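Chain A is fixed; fit chain B onto it per the hints.
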Amino acid sequence: MIKVIDIMTKEVIITSPDTTIIKAAKLLTEKSVSSLVVVEKGKAVAVISEADITKGIIGKKTKVREVMDREFQIISPLAKFSEISKMLREKKIKRFPIVDKGRLVGLITETDIIETTRDFTRFHQMVQDIILAVFGIATAFFLFYFSPLRAWIFS
Amino acid sequence: MARVSKIMLTDVPTLKKEARVAEAARLLNSSKSGCVVIVENNYPIGIVTELDFVRSIASKGKNLAQPVSKIMSTPLVTMSPGMKLDEALKIIDTKRFRKYPVVEEGKLVGLITKKDVVNSISDNVKFHRNIQNAVLILFVLFEIIVFVFSSYLYKYFSLGA
Chain A
1 MIKVIDIMTK
11 EVIITSPDTT
21 IIKAAKLLTE
31 KSVSSLVVVE
41 KGKAVAVISE
51 ADITKGIIGK
61 KTKVREVMDR
71 EFQIISPLAK
81 FSEISKMLRE
91 KKIKRFPIVD
101 KGRLVGLITE
111 TDIIETTRDF
121 TRFHQMVQDI
131 ILAVFGIATA
141 FFLFYFSPLR
151 AWIFS
Chain B
1001 MARVSKIMLT
1011 DVPTLKKEAR
1021 VAEAARLLNS
1031 SKSGCVVIVE
1041 NNYPIGIVTE
1051 LDFVRSIASK
1061 GKNLAQPVSK
1071 IMSTPLVTMS
1081 PGMKLDEALK
1091 IIDTKRFRKY
1101 PVVEEGKLVG
1111 LITKKDVVNS
1121 ISDNVKFHRN
1131 IQNAVLILFV
1141 LFEIIVFVFS
1151 SYLYKYFSLG
1161 A
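First to last, the sequence lines map onto chains A and B.
Residue numbers for the first sequence follow the numbering used here, beginning at 1 and rising by one.
Residue numbers for the second sequence follow the numbering used here, beginning at 1001 and rising by one.
Heads up, a few of these hints could be off.
DEER-style ranges, computed between Cβ atoms [unchecked claim]:
1. B:Val1148 <-> A:Lys10: 48 to 56 Å
2. A:Gly59 <-> B:Ser1080: 34 to 42 Å
3. A:Lys60 <-> B:Val1077: 28 to 36 Å
4. B:Val1077 <-> A:Pro148: 26 to 34 Å
5. B:Thr1078 <-> A:Pro148: 50 to 58 Å
6. A:Ile14 <-> B:Val1135: 28 to 36 Å
7. A:Asp6 <-> B:Lys1155: 51 to 59 Å
Pulled from the structure, derived: some chain B residues nowhere near chain A, Cβ distances all over 10 Å [claimed, not checked]:
8. Met1001
9. Asp1011
10. Asn1029
11. Asn1042
12. Tyr1043
13. Thr1049
14. Glu1087
15. Gly1110
16. Asn1133
FYI, nobody ran anything at the bench for these hints, they're computed from the structure.
Quick caveat, the model's predicted, so the values are computed rather than measured.
Beta carbons are placed, not taken as given, at the ideal position from N, Cα and C, and that holds for glycine.
Looking at chain A on its own, in the form it has when it is part of the complex:
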């Protein structure tokens, strides 16, 4: 089972609701991340991403507070990957700050989930190949065992 703790981004970049959007944009590019967690009084209150910043600049907003996205789901580090993947696909929640005992410890975004799904697919493909190989060897042996060829060789 894949745990949240293994795939999350541990270095979460935080910002405050009163920061300007331009500053947030600079932070995003400097740290090459796609989302920032907005923290107010020690609590994660929102997430801000590239899309929100774009929206803010078009709408002539200046502060992070005016554009930040409150559509997020706080999860515990013990949550299962399958739960998050389901939430992403069914409820369209794209950001998951991870809070452990009231402390922000990580962030999972859509990109992390896609990458993990991709790795999982690779793993599945490997299992598939192994099963195919076992099948091939077993069948070859089976056919050989009951074929006249065996009797001819070992007679």
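Frame of chain A; chain B shown alone:
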């Protein structure tokens, strides 16, 4: 295995390369795809994503009047609609992009995202492969059983030696 044409988005927002950044941003904001494809004679020459926009804002400030060709990502990696999804994924694995325009006969016909390709393949793996594996395992078990009891079977059906 499904093909690219099955999962691609067909209503892709497009702009000419002379268009202003402001128009691109407005389109980015109003469309769900999260990107605008920059075309020249219907052929995609670049792409502007939210990331490109944010990057330009961060480095050069709020310059919404410059042409989109200044901020677009180019060159592009394109796919063809007849391509199988696992071939597409092989290409995607070697690149670091999220969106890939689909081109047929020199014309933009759609857009695929890494997310859609990965999800679609993952679903395929989950449903089809599991059944296939179960059948293979049953077959191998059958072979083992026949092999182990072969001497009894010979006697019972009075076959061979």
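Hints versus structure:
1. Against the hinted window of 48 to 56 Å, the Cβ-Cβ separation of Val1148 (chain B) and Lys10 (chain A) comes to about 52 Å, which satisfies the hint.
2. Under the hint 34 to 42 Å, the C-beta atoms of Gly59 (chain A) and Ser1080 (chain B), about 38 Å apart, fit the expected range.
3. One distance hint, 28 to 36 Å for the beta-carbon pair Lys60 (chain A) and Val1077 (chain B), holds here, with the actual separation near 35 Å.
4. At roughly 55 Å, the beta-carbon separation of Val1077 (chain B) and Pro148 (chain A) lies outside the given 26 to 34 Å, and the hint is violated.
5. For the pair Thr1078 (chain B) and Pro148 (chain A), the beta carbons lie near 56 Å from each other, so the given range of 50 to 58 Å is met.
6. Ile14 (chain A) and Val1135 (chain B) have their C-beta atoms about 51 Å apart, which leaves the hinted 28 to 36 Å range violated.
7. The hinted window of 51 to 59 Å between Asp6 (chain A) and Lys1155 (chain B) holds, with their beta carbons roughly 56 Å apart.
8. Listed as a non-interface residue, Met1001 (chain B) keeps its Cβ farther than 10 Å from every Cβ of chain A; the least gap is roughly 12 Å.
9. The Cβ of Asp1011 (chain B) lies farther than 10 Å from every Cβ of chain A, with a closest approach of about 18 Å, so its non-interface assignment holds.
10. Not every CB of chain A is more than 10 Å from the CB of Asn1029 (chain B) (nearest about 5 Å), against its label as outside the interface.
11. Here Asn1042 (chain B) stays apart from chain A, with its beta-carbon at least about 26 Å from theirs, past the 10 Å limit.
12. For Tyr1043 (chain B), the non-interface assignment is confirmed: its Cβ lies about 26 Å from the closest Cβ of chain A, beyond the 10 Å cut-off.
13. Listed as outside the interface, Thr1049 (chain B) is inconsistent with that label: its C-beta sits roughly 8 Å from the nearest C-beta of chain A, within the 10 Å cut-off.
14. Taking the minimum C-beta to C-beta distance to chain A, about 14 Å, the non-interface status of Glu1087 (chain B) holds against the 10 Å cut.
15. In this structure Gly1110 (chain B) is separated from chain A by more than 10 Å, as the shortest Cβ-Cβ distance comes to about 19 Å.
16. For Asn1133 (chain B), the requirement that its beta carbon stay farther than 10 Å from each beta carbon of chain A is not met, with the minimum near 5 Å.
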